[in-house]
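2 protein chains.
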Amino acid sequence: MNDHHFVLRLAQVQDLPQVLDLVQGLADFEQESDAVTATINDYNLAFANDKIWVNLALVENNIVGFTLCYDTFSTWKGKMFYLEDFYVADNFRSKGIGQGLFDAFIKEAKNRECKLVKWQVLDWNTRAVHFYERNLATIEREWWNGKIIF
Amino acid sequence: MNDHHFVLRLAQVQDLPQVLDLVQGLADFEQESDAVTATINDYNLAFANDKIWVNLALVENNIVGFTLCYDTFSTWKGKMFYLEDFYVADNFRSKGIGQGLFDAFIKEAKNRECKLVKWQVLDWNTRAVHFYERNLATIEREWWNGKIIF
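Respectively, the protein sequence lines represent chains A and B. Going by my numbering, the first residue of the first sequence is number 490, and it counts up by one from there. Going by my numbering, the first residue of the second sequence is number 490, and it counts up by one from there.
Just so you know, not all the hints are guaranteed correct.
[As the list claims (entries may be wrong)] Taking CB as the label site, the calculated pair distances span:
| hint | chain 1 | residue 1 | chain 2 | residue 2 | range |
| --- | --- | --- | --- | --- | --- |
| 1 | B | Asp612 | A | Glu622 | 35 to 45 Å |
| 2 | B | Leu499 | A | Thr528 | 40 to 50 Å |
| 3 | A | Asn624 | B | Glu631 | 38 to 48 Å |
| 4 | A | Arg630 | B | Asp517 | 17 to 27 Å |
| 5 | B | Ser522 | A | Ile628 | 30 to 40 Å |
| 6 | B | Glu519 | A | Ala617 | 22 to 32 Å |
| 7 | B | Arg601 | A | Gln503 | 26 to 36 Å |
| 8 | A | Gln507 | B | His494 | 35 to 45 Å |
| 9 | A | Arg616 | B | Arg616 | 32 to 42 Å |
| 10 | A | Gln507 | B | Leu534 | 29 to 39 Å |
Calculated directly from the structure, the hints in this document are not laboratory data. All residues carry an ideal CB built from backbone N, CA and C; glycine is no exception.
All chains, please: the whole structure from these sequences, using the hints.
Here it is as structure tokens:
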């Protein structure tokens with residue numbers, strides 16, 4: 490068996506606690522360890538209400554990566570599919586897992602008849618920017634985010 | 490009657506063509522006139538499926554501003570309300586209309602029990618940035634957008 494063999498499948502509700510663990514890992518990678526306040530109940534509710542689409546990458550039955558996406562609406566383009574989070578665990582990078590997850594995200598967006606896909610990347614994450622540019626994405630550097638946390 | 494008197498109300502389906510006209514106005518303001526390819530059918534479908542929340546500002550029964558928002562999900566915080574578009578027509582700025590629309594957006598997010606609100610602003614739009622800062626928003630300058638238009 491190829492060490493790099495991985496399987497993609499959609500998450501089920503019982504996978505969500507492990508997804509939340511990986512989100513914490515992503516927050517650590519982004520130097521924001523304390524920022525994760527969402528609970529497993531928040532995830533379960535969004536999942537039950539069909540508000541999130543979660544795709545998993547597994548190696549030997551362990552979740553080593555995921556994408557979490559949802560439908561939004563672009564006032565300029567119409568139906569949009571948004572990639573909120575995209576993570577591959579450190580030890581499993583450069584094995585095609587991220588590409589497989591990204592391809593599946595694009596395919597799902599097209600199945601949903603979306604007109605565009607969108608996501609964000611941190612300006613210091615050069616490796617991710619290069620990955621997206623290889624996938625012919627446009628990287629917009631002129632928008633800032635506004636946010637208020639209640 | 491005060492010249493600056495305005496009324497806020499939720500959009501109905503018959504308001505959507507005028508909203509799309511204003512979106513075109515916003516694209517002009519952002520120097521992207523040709524980028525709007527969404528049709529009124531796209532708007533009608535999103536509205537009928539309860540995918541968008543559209544709030545209008547009216548002066549003498551004319552729509553002079555609007556916000557268009559939708560529910561999303563933050564993997565870090567949980568339920569999020571996203572301000573996709575926010576527009577006040579040129580001649581009607583500095584009259585409190587933008588503040589009224591923004592306050593209503595925040596109120597709706599809290600009614601929906603969202604944990605945060607988010608939006609974007611162009612880096613050159615100093616006036617908008619100052620508006621958001623006065624509203625105690627955090628402005629994040631370190632995220633870039635990735636996008637692919639199909």
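For each hint, the structure was consulted:
no., hint, result
1, Asp612(B) x Glu622(A): 35 to 45 Å, "21 Å, violated"
2, Leu499(B) x Thr528(A): 40 to 50 Å, "31 Å, violated"
3, Asn624(A) x Glu631(B): 38 to 48 Å, "22 Å, violated"
4, Arg630(A) x Asp517(B): 17 to 27 Å, "22 Å, holds"
5, Ser522(B) x Ile628(A): 30 to 40 Å, "22 Å, violated"
6, Glu519(B) x Ala617(A): 22 to 32 Å, "26 Å, holds"
7, Arg601(B) x Gln503(A): 26 to 36 Å, "27 Å, holds"
8, Gln507(A) x His494(B): 35 to 45 Å, "55 Å, violated"
9, Arg616(A) x Arg616(B): 32 to 42 Å, "36 Å, holds"
10, Gln507(A) x Leu534(B): 29 to 39 Å, "35 Å, holds"
Of the numbered hints listed earlier, those contradicted by the structure are 1, 2, 3, 5 and 8.
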